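Undergrad: Kindly generate the complete structure, drawing on both the sequences and the hints.
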Amino acid sequence: GIKTSKTFKTLLCAGALFSACASAQPGSGHEKYTSPLDARYASDEMLRLWSDDTKFKLWRRMWAVLAKSQMELGVKEITPAQVAELQAAIDMPIDYQFAAAQEKKLRHDVMAHVYTLAEQCPTAKPIIHLGATSMDIQDNAELIQLKQAMALLRLNVLQLLDELRVFALANKDVVTLGYTHGQAAQLTTVGKRACMWAESLQIALDHLDAEMNSLKLRGIKGTTGTQATLLAMFHGDHAKVDKLEALVLKELGFKEAYAATGQTYPRNVDYHVVSSVAGVGVAIAKMCEDIRLLASHGELSEPFESSQIGSSAMAYKQNPMRSERACSLARDLIGLAQQPAYTSSTQWLERSLDDSANRRIVLPEAFLLCDAVNKIALNVVKGLRVNKAVIARHVRDELPFMATEQIILDSVAQGGDRQNMHEAIRELSVKVAKNVKEDGLENNLIALIGADERFPVKVRDTLKIKPLDPTAYIGRSSQQVDVFCKKLDQKLVKSGLDRTVVNKADLKV
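81 is the number of the first residue of the sequence shown in my numbering; add one for each residue after it.
Hints were generated in silico from the structure; no laboratory data involved.
Mixed in with the good hints, there may be bad ones.
The calculated EDC-like cross-link candidates involving lysine to aspartate or glutamate, where the alpha carbons are at most 16 Å apart (straight line), are [said to hold, decoys possible]: (1) 588 <-> 165; (2) 296 <-> 331; (3) 511 <-> 478; (4) 366 <-> 412; (5) 571 <-> 286; (6) 574 <-> 289; (7) 156 <-> 171; (8) 135 <-> 125; (9) 320 <-> 125; (10) 137 <-> 111; (11) 137 <-> 171; (12) 517 <-> 490; (13) 567 <-> 189; (14) 296 <-> 336; (15) 546 <-> 490; (16) 227 <-> 336; (17) 571 <-> 242; (18) 566 <-> 279; (19) 544 <-> 532; (20) 567 <-> 242; (21) 135 <-> 189; (22) 135 <-> 445; (23) 544 <-> 562; (24) 468 <-> 253; (25) 227 <-> 289; (26) 566 <-> 242; (27) 205 <-> 242; (28) 588 <-> 125; (29) 571 <-> 289; (30) 574 <-> 253.
Here are the simulated distance ranges between beta carbons [unchecked claim]: (31) 566 <-> 541: 20 to 26 Å; (32) 175 <-> 411: 36 to 42 Å; (33) 261 <-> 132: 24 to 30 Å; (34) 366 <-> 316: 55 to 61 Å; (35) 261 <-> 180: 36 to 42 Å; (36) 408 <-> 462: 17 to 23 Å.
Only a predicted model underlies this, so the values are computations on that prediction, with no experimental measurement involved.
Where is the CB? At the ideal position from N, CA and C, for every residue including glycine.
TA: Put into structure tokens, the structure is as follows:
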């Protein structure tokens with residue numbers, strides 16, 4: 081009895097067509113959404129670190145370590161055979177189909193994997209997860225993942241810093257225009273600018289290192305962090321409760337645990353970790369923005385492969401697509417950095433579960449995004465081309481303006497008034513800029529100054545007989561590069577950079 085509109089019928093047909101297409105090639109891997117971070121951007125190493133296998137093997141390791149520590153402290157229910165069985169199961173294949181069925185029934189991921197592990201460890205089944213709450217397992221495992229992910233990320237940052245160091249030294253004397261407010265300012269060198277990129281990245285690395293080195297485990301704290309269950313297990317022996325946590329920490333390679341947790345470790349830890357990861361993305365994005373701007377001026381060029389297409393319509397184009405990609409992904413990373421702040425600030429009392437779904441997405445994706453941005457940047461810097469002829473032409477066009485600060489200094493040294501010299505140069509510069517921009521004339525500012533009697537005779541005579549030398553206006557740029565790169569080299573070596581490991585920095589697509 082309902083009249084179906086023409087538009088609705090069209091939508092129904094489109095839906096039927098979509099269903100037919102979606103089931104046309106089942107099992108091909110293309111019939112449902114997959115994350116571009118997996119298929120296109122992130123490295124295999126970082127993807128493995130955040131994989132289900134890594135996560136659930138860490139859970140199994142936690143159960144084995146907990147049982148072993150409890151046994152060593154005299155919990156008579158736990159035997160060496162049970163501990164050995166749990167230890168052997170850490171690297172066994174996980175029956176994910178069985179685990180999924182359990183989770184669907186139980187609506188509890190940790191207990192689903194307790195049952196899955198119990199299927200493989202029948203002897204240890206009675207004591208798996210004894211005296212523990214879910215966060216004793218899950219939170220400690222996640223903190224281990226965070227530390228491992230930061231360690232992997234920092235190695236990639238070290239490689240990028242080293243490539244920037246090499247690039248800076250190779251181009252320390254290449255004079256180029258410096259820009260402030262997007263306008264040509266004093267001269268600098270290509271190498272000095274690369275040092276600016278490297279210093280920002282080095283600052284980000286320092287923050288990443290600080291967070292990684294200060295990271296602790298949650299420890300074994302129980303349901304609300306009071307260790308009440310453990311105290312009962314050890315019949316009121318507080319020393320054994322402390323010893324249990326110390327044994328677990330030692331087995332897992334950590335020295336400290338957070339001292340006053342609720343059910344979870346303090347969720348603002350995630351905020352500080354993800355913020356430090358985003359800081360790496362911020363530094364790289366700034367560099368890639370600069371590269372894009374300089375590519376638009378023709379001064380720098382990204383790697384461009386022989387069969388690469390820059391545009392489907394404009395065959396001549398060589399777009400800075402790698403830097404654009406890095407900037408795009410960094411923008412997503414920077415946005416993610418807000419999420420742990422919201423999560424931490426809205427946790428109720430000892431814990432609420434609204435953190436869980438958000439953290440499943442934010443924590444791995446922050447690292448996957450930063451990993452991708454870093455890999456792209458490494459690829460760019462390793463193949464970055466400096467177009468010296470274009471740069472020299474731009475310097476030549478602007479050099480008369482660049483020389484005016486020195487002309488003012490020289491004029492004052494010859495008895496001139498600094499303010500009068502500044503005003504004279506301002507008047508002449510405005511006139512020349514109009515001629516250059518509107519009429520296409522040559523920049524004749526130096527000739528005009530040389531003929532202007534407001535300037536001291538000696539200054540004017542020098543300008544007439546001595547051509548401008550760009551290297552006279554770069555200040556200490558070259559020396560700064562040498563000093564910076566020497567210190568950076570020392571830092572990289574001290575930080576564990578292994579130059580025998582060659583990173584090809586290949587892109588997936």
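Undergrad: With reference to the structure, classify each hint as holding or not holding.
TA: Quick rundown of the hints versus the structure:
1. 588 <-> 165: 40 Å, violated
2. 296 <-> 331: Satisfied, since the Cα-Cα distance of roughly 14 Å is no more than 16 Å.
3. 511 <-> 478: Judged against 16 Å, a Cα distance of about 14 Å means the pair holds.
4. 366 <-> 412: Measuring from Cα to Cα gives roughly 14 Å; hence the hint holds.
5. 571 <-> 286: 11 Å, holds
6. 574 <-> 289: Distance ~13 Å between residue 574 and residue 289 Cα, so the pair holds.
7. 156 <-> 171: Violated: residue 156 and residue 171 sit about 26 Å apart, past 16 Å.
8. 135 <-> 125: Distance of about 14 Å is within 16 Å: holds.
9. 320 <-> 125: 39 Å, violated
10. 137 <-> 111: Distance of about 29 Å is beyond 16 Å: violated.
11. 137 <-> 171: 7 Å, holds
12. 517 <-> 490: Cα-Cα ~28 Å, so violated.
13. 567 <-> 189: 49 Å, violated
14. 296 <-> 336: Answer holds: residue 296 to residue 336 is near 5 Å, not above 16 Å.
15. 546 <-> 490: 14 Å, holds
16. 227 <-> 336: 14 Å, holds
17. 571 <-> 242: 10 Å, holds
18. 566 <-> 279: Judged against 16 Å, a Cα distance of about 13 Å means the pair holds.
19. 544 <-> 532: 12 Å, holds
20. 567 <-> 242: Satisfied, since the Cα-Cα distance of roughly 12 Å is no more than 16 Å.
21. 135 <-> 189: With a Cα-Cα distance of about 12 Å, the restraint between residue 135 and residue 189 holds, given a limit of 16 Å.
22. 135 <-> 445: Since the Cα atoms of residue 135 and residue 445 sit roughly 15 Å apart, the hinted pair holds (cutoff 16 Å).
23. 544 <-> 562: It is violated: about 34 Å lies between the C-alpha atoms, which goes past 16 Å.
24. 468 <-> 253: Holds - the C-alpha atoms of residue 253 and residue 468 are around 11 Å apart, at most 16 Å.
25. 227 <-> 289: 10 Å, holds
26. 566 <-> 242: Satisfied, since the Cα-Cα distance of roughly 11 Å is no more than 16 Å.
27. 205 <-> 242: Roughly 51 Å separates the two Cα atoms, so the pair is violated.
28. 588 <-> 125: OK: residue 588 and residue 125 at ~13 Å, within 16 Å.
29. 571 <-> 289: 13 Å, holds
30. 574 <-> 253: This hinted pair is violated, its Cα atoms lying about 28 Å apart.
31. 566 <-> 541: 20 to 26 Å: 41 Å, violated
32. 175 <-> 411: 36 to 42 Å: Distance hint for residue 175, residue 411 holds at roughly 40 Å.
33. 261 <-> 132: 24 to 30 Å: Once the Cβ atoms are compared, 50 Å apart, the range 24 to 30 Å for residue 132 and residue 261 is violated.
34. 366 <-> 316: 55 to 61 Å: 58 Å, holds
35. 261 <-> 180: 36 to 42 Å: 57 Å, violated
36. 408 <-> 462: 17 to 23 Å: At roughly 20 Å between Cβ atoms, residue 462 and residue 408 fall inside 17 to 23 Å, so the hint holds.
The structure is inconsistent with the numbered hints 1, 7, 9, 10, 12, 13, 23, 27, 30, 31, 33, 35, although it conforms to all the rest.
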